[in-house]
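Student: The chain contents come next:
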Amino acid sequence: MKLFKLFLVLSLVVFFTSSNSGLAVITGSAHDFSGQSWNTSGEICLPCHTPHNASATNKPLWNHAVTTASFTVYTNGTIQATIGQPDGSSKLCLSCHDGTVALENFGSTTTGTHFLTSADPEFLGTDLSNDHPVSFTYNTALSTSDGELYDPAVKEVGAAGSGTIQNRWLESDKMQCSSCHDVHNTPGIAKMLRKSNAASALCLTCHNK
Amino acid sequence: MKNKLTMIIVGIILIFFVSLLHSEKISNTKHNLSVSGPGTVKAASESEICIFCHTPHAAAKTPLWNRTDPGQTFTLYSSSTTNATIGQPDGASLMCLSCHDGTIALGSVVSRTSAISFGSVTTMPAGNTNLTKNMTNDHPVSFVYNSALATADGQLQQPASITPPVSLYNTKVQCTSCHNPHENTSIKFLVASSQNSALCVSCHNRTYWSSSTHKTSTKTWNGTSPNPWFHTPWTTVTTNACESCHNPHNAGAVRNMNYAAEESNCLSCHNGNVASTNIQTQLNKTYKHNVAGYTGVHDPTEANIAVTQHVECVDCHNGHASNANAASAPNVKGSLLGVKGVDTDGNNVDPSQYEYQICYKCHSSSSWRPGSPTTRQIAQNNVRLEFDPANPSFHPVESAGPNPNVPSLISPWTTTSKVYCSDCHASDGTSVPKGPHGSTYAQILVKQYVRVDNTSESAANYALCYTCHSRTSILGDNSFREHNKHIVGEGSNCNICHDPHGISSTQGNSTNNSNLINFNTAVVSPSSSGILRFDDQGLYHGRCYLTCHGQNHNPYTY
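Top line first, the protein sequences correspond to chains A and B.
So for the first sequence, this note's numbering puts the first residue at 1; every next one is plus one.
So for the second sequence, this note's numbering puts the first residue at 1001; every next one is plus one.
Among the hints, erroneous ones may be present.
Claimed, not checked - Restricting the straight-line Cα-Cα distance to at most 27 Å, the calculated cross-link-like pairs of lysine-lysine (DSSO-like) are:
no. : chain 1 : residue 1 : chain 2 : residue 2
1   : A       : Lys155    : B       : Lys1485
2   : B       : Lys1042   : A       : Lys191
3   : B       : Lys1025   : A       : Lys191
4   : B       : Lys1219   : B       : Lys1333
5   : A       : Lys195    : B       : Lys1030
6   : A       : Lys174    : A       : Lys155
7   : B       : Lys1333   : A       : Lys174
8   : B       : Lys1030   : B       : Lys1188
9   : A       : Lys195    : B       : Lys1025
10  : B       : Lys1061   : A       : Lys195
11  : B       : Lys1025   : A       : Lys155
12  : B       : Lys1485   : B       : Lys1447
Read the hints as simulated data drawn from the structure, not as lab findings.
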């Protein structure tokens, strides 16, 4: 009987601590461009990555033309963070999603004609004032001054042992697109989210509201 | 051993869940409109919490707003006393109103092509949280609160001293100045507890308030309906503070008063249910300052000499100031602190230093001042002129009386004493609140003062006068040696010969009008020589030319 109780309790622990362990893949996802007319290579990885002769400045092994747009960044009356121009991986995301760089401008192609437009739901444009800010340092100091953000060095992204926000979701302590989105669709969650936003769980991982 | 391990594991699980509950604060509030929310108004199946207000991409406006501007024209708060320029709601307030004005579907969000279902509910249900487009009865928002405003108002904190949890946004007061939509650790999503009106006084710095009984009293409600504190959870005067009279939302009248009928804001406590002074009972009497007879006439900015006839509690009392402090005549008592008035020269004063200055607002130069109940030789119903210290005789309201010989005075009264208007004009009865609220006697007199001719003298019939003037002395003819003959023998009342307020120096003189002599012409007529006159001929001596009760005094000398 005692053994059964112990088993029950341990089962509960396992149930609540394991999260989104289902594995999905990029193949078949919205980022699988292998079937797109503009992707004459027919490859999945190539629009973004190349094993050789990749960009020297953009990692990892970057193959796509990078946006040079100037962005209007998010601001409001209460924000404590310092929001600069998009950098890091966010700039790479925006190299398709800002609509200024052709989708097929990767490898040696520079004259593509397929752009994301405002008619596309994934189009962000260069006006990011209506999008969640990215490319800002989210550290303990910010969480303290804001008062309604968790400490990223302490708060874990999921159940105990899942790792801190800082280690798992931030890029050199910065919030980037990749903090919420997994571009490779590993978790297999709608909108390529890192974590299900049911009950706004993703938002409330950082926002202590 | 296994039991210990089990307990430890269970403990860890419990701690995990308890910490989860505390960390996800909004999820436990009515602003969790998702299917998991604790309120009754919530989505049928949507699980996301933030989505009802925010979206991470393609937001309508900052901060990542997921709702559309109500696009409504609101009827704005206005009052004669506000110095703020109140425009249409903007900033965060507009976002709050996108649910709380009741015009937009609760589930209508920018990031969804069709509204999130709320089951049978579409827009905000009627009730306190549906502010409607009529914001006249809500505390104003979306106005600039700067140093100039604080200075112009005179009773607002300088904005630099307003610190969190209360905040201004782009120098403006918004809904979020008082409310935190994400957190409901107090009540009503307030940024801090409203106990003792702590939030109100973050901005409102009312003169006198710190020593007002309305701030400090620990009185409680006796439970008799109606509940004076119907919109708060607080149970004493001091914890309700501002909210004893004011309601920040869905108020009954301008200035966020609880009730449209001005006196109701006072009588909801001063009716025997909270305050020790039951004023309602006094106002039920026949003769009263009829505060219930007027609504919407009084205005705090009105001239000191009131133009339009009315009376309200706040014409004599300042609810922000009143306390129980005693004073001696003619200085105002605590109950009359902080009220404007008119001084002896007819000039405006604010605040009144002396009680009579408050009375003069209506009973001096106002065009509609009450008439005199007695027709006299010298007619005057401007009370300020009747009490002027330059007069030949007057009751000592403004200064000590001019007559050094008043043998009837009962100790501690002396000829250097002063009296309040409210020593004579006040509620009758024992253990009643002081002041001229209401009386069974005409002219709101505190005791009986019979003015009917041919009255049998008694202690009761002239109780008012006998309060200070010894009946024994008067009837013992200690001053006027024919008092007894007139009062007892002839049944003449005091009011026939004496004009109790005084005789104006602009109309009378010290020969004919000393000792408050100003005959009641309904009773007293000229002598056979056609003369109606009193001549003062020195201490306790004089002569009268008149006819009264058939007696021709032509003259009678004493």
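Student: Hint by hint, note whether the structure agrees.
Tutor: Hint-by-hint comparison with the structure:
| no. | hint | verdict |
| --- | --- | --- |
| 1 | A:Lys155 with B:Lys1485 | violated, 100 Å |
| 2 | B:Lys1042 with A:Lys191 | holds, 25 Å |
| 3 | B:Lys1025 with A:Lys191 | holds, 26 Å |
| 4 | B:Lys1219 with B:Lys1333 | holds, 21 Å |
| 5 | A:Lys195 with B:Lys1030 | holds, 25 Å |
| 6 | A:Lys174 with A:Lys155 | holds, 15 Å |
| 7 | B:Lys1333 with A:Lys174 | violated, 66 Å |
| 8 | B:Lys1030 with B:Lys1188 | holds, 10 Å |
| 9 | A:Lys195 with B:Lys1025 | holds, 20 Å |
| 10 | B:Lys1061 with A:Lys195 | holds, 25 Å |
| 11 | B:Lys1025 with A:Lys155 | holds, 16 Å |
| 12 | B:Lys1485 with B:Lys1447 | holds, 24 Å |
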